[in-house]
Amino acid sequence: MIAYSANHPVGDFIRANLPAPLAALANGALSVVVLMVLVVVVAILLVWLERKVCARFQARLGPTRVGPFGLLQPIADSLKLLLKENIKPRAVDTLAYFLAPLLPITGSFLVLAVMPFDHNLQVADPQAGMVYIAAVSGMGILGILIGGWGSNNKYSLLGSMRAGAQLFSYELSMVLCMLLVVMASGTGSLREIVLSQQGTVRDWWIFKLPGAGALAFVLYLISSTAELNRGPLDLSEAESELAGGFHTEYSGMGFSMFFLAEFVNMFASAGLGATFFLGGFLAPQFGIGPLDHILAFIPGFIWFFAKTGALIFMYMWFRWTFPRLRIDHLLSLEWKFLLPVSMANLLLAATLVTLGWILP
Amino acid sequence: MTLSRLFHDTLSMLKGMKVTILYLTRPSRVVTQQYPENRETLKFPERFRGQVVMPHDEKGEHTCTACTLCEKACPNGTISILTTKNIASKRVLGEFIYRFSTCTLCNLCIEACPFDAIRMGHGFEMAAYKRDELDYVLNKKEGR
Chain H
982 MIAYSANHPV
992 GDFIRANLPA
1002 PLAALANGAL
1012 SVVVLMVLVV
1022 VVAILLVWLE
1032 RKVCARFQAR
1042 LGPTRVGPFG
1052 LLQPIADSLK
1062 LLLKENIKPR
1072 AVDTLAYFLA
1082 PLLPITGSFL
1092 VLAVMPFDHN
1102 LQVADPQAGM
1112 VYIAAVSGMG
1122 ILGILIGGWG
1132 SNNKYSLLGS
1142 MRAGAQLFSY
1152 ELSMVLCMLL
1162 VVMASGTGSL
1172 REIVLSQQGT
1182 VRDWWIFKLP
1192 GAGALAFVLY
1202 LISSTAELNR
1212 GPLDLSEAES
1222 ELAGGFHTEY
1232 SGMGFSMFFL
1242 AEFVNMFASA
1252 GLGATFFLGG
1262 FLAPQFGIGP
1272 LDHILAFIPG
1282 FIWFFAKTGA
1292 LIFMYMWFRW
1302 TFPRLRIDHL
1312 LSLEWKFLLP
1322 VSMANLLLAA
1332 TLVTLGWILP
Chain P
16 MTLSRLFHDT
26 LSMLKGMKVT
36 ILYLTRPSRV
46 VTQQYPENRE
56 TLKFPERFRG
66 QVVMPHDEKG
76 EHTCTACTLC
86 EKACPNGTIS
96 ILTTKNIASK
106 RVLGEFIYRF
116 STCTLCNLCI
126 EACPFDAIRM
136 GHGFEMAAYK
146 RDELDYVLNK
156 KEGR
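These protein sequence lines are chains H and P, in that order. Take the position in the first sequence, starting the count at 1, then add 981; the result is the number in my numbering. Take the position in the second sequence, starting the count at 1, then add 15; the result is the number in my numbering.
I should point out that these hints are in silico values taken from the structure, not numbers from a laboratory. No residue lacks a Cβ here, since even glycine has one placed at the ideal position from N, Cα and C. Check each hint, because a few of them may be wrong.
[Unchecked claim] Across the chosen pairs, the derived CB separations fall in these ranges:
1) P:K58 x H:P1107: 54 to 64 Å
2) P:F139 x H:V1014: 44 to 54 Å
3) H:L1019 x P:K30: 32 to 42 Å
4) P:R41 x H:I1269: 24 to 34 Å
Based on the sequences and whatever the hints tell you, model everything.
Structure, rendered in structure tokens:
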């Protein structure tokens, strides 16, 4: 196994040529800029992909007119959103109304900061990375709650209250599934979790814990779909019932911030799924000599984006296949089914880890 | 009980996912037609409703008997049937006047016709500059 450095050459170069405080500042600014570019590019690509994939699931073509294959459509859309007036209804709570759109995108931005894109492409790697993720992903909920309350509109309030109930409950089983991987790998740092899955495909946590890993992965997919506010669990938006839910009153930039956060969140959530269960940036190895060498030659961030893309496709597949749940069904699914099952699964995994029944 | 229901539900969800993935993987099932580009090859569904037309056979004859059932069935007064008399002084169709400008393509006249003398055509791009350009006489000659 080749030992990879956790430091990126560019960062090392800056550290070598600048005094320490300045270098820290420059590296921090650089990583923020890179993440911002990533957020914008990912959001634009995902908007296009969502529309295309959705259209093909429904036997339509999707955007085809703006640019080749409609690739420039999201750019045209975002230009339109930028030029639109930011309407502020008379009865809103001004501070809450304008603060709310900023919070979800901040939350997903902070999650991306600990995301291990490659061996040396990670902005920060705190020891309690998983706890940090559970903490900052709550900011999205906060933004939705504040936005619904500040809009002073009954549909917005209903939507945000639904979102609150839904997200707080589904966060439990999502964190329990992550906890299972943390327990099995013995570390909370995302980079270490990825490195604990080195070896062949069988060493990924989805396969390594017999049964428990795959079950945890399925539970993670379900609960993170709810966490992302995506169909079939998009109760807080529910266009047909609530006229858009928490973002009913938002226009222009406010709306586009919520919209952006939704897509970046999807990327972050799929990335976390890939990191925790599918070996993150590690190339899949099948134990076949020449094939393994070819696969390992492809850089890690490409594998990361490929795995993340596959999970994003799963999310889109769910969204455009299943009808929306009712709110009481949604909550009873979580509290009566997913939570007990994920707790039992955690217990099972703990037993497996203690007995050492992890696949070699 | 619960377990078998869970199994059954999961199976039916997987079935649904199979249906959608088959739509995704088979481009031939896309129903969208890119209209201005494919004007020559445009395909219409069988029941597409354009304007009302009166089919004529190879001898140029139609089957309309001027019974005016379609005129009575029309909620908009779109159809006017002017009758005339043939040499045997029998009442026959003179002119079948169809005003496309007031037609809502509701298909009621077609359903009312007992002789299948009229049907819905597949016409499109029917816009005109004057309203009276949208008044058509559907029969090519008088009835017998």
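Worksheet item: Do the Cβ positions of R41 (chain P) and I1269 (chain H) conform to the proposed distance bound of 24 to 34 Å?
Response: Given about 32 Å between the Cβ atoms, the range holds.
Practice prompt. Indicate whether the distance between the beta carbons of K58 (chain P) and P1107 (chain H) respects the range 54 to 64 Å.
Written response: 60 Å, holds
Item to complete: Starting from the hint 32 to 42 Å, judge whether the C-beta atoms of L1019 (chain H) and K30 (chain P) obey it.
Response: 37 Å, holds
Worksheet item: Does 44 to 54 Å hold as the CB distance between F139 (chain P) and V1014 (chain H), or does it fail?
Response: 52 Å, holds
Comparing the model with each earlier hint shows no violations; every hint is respected.
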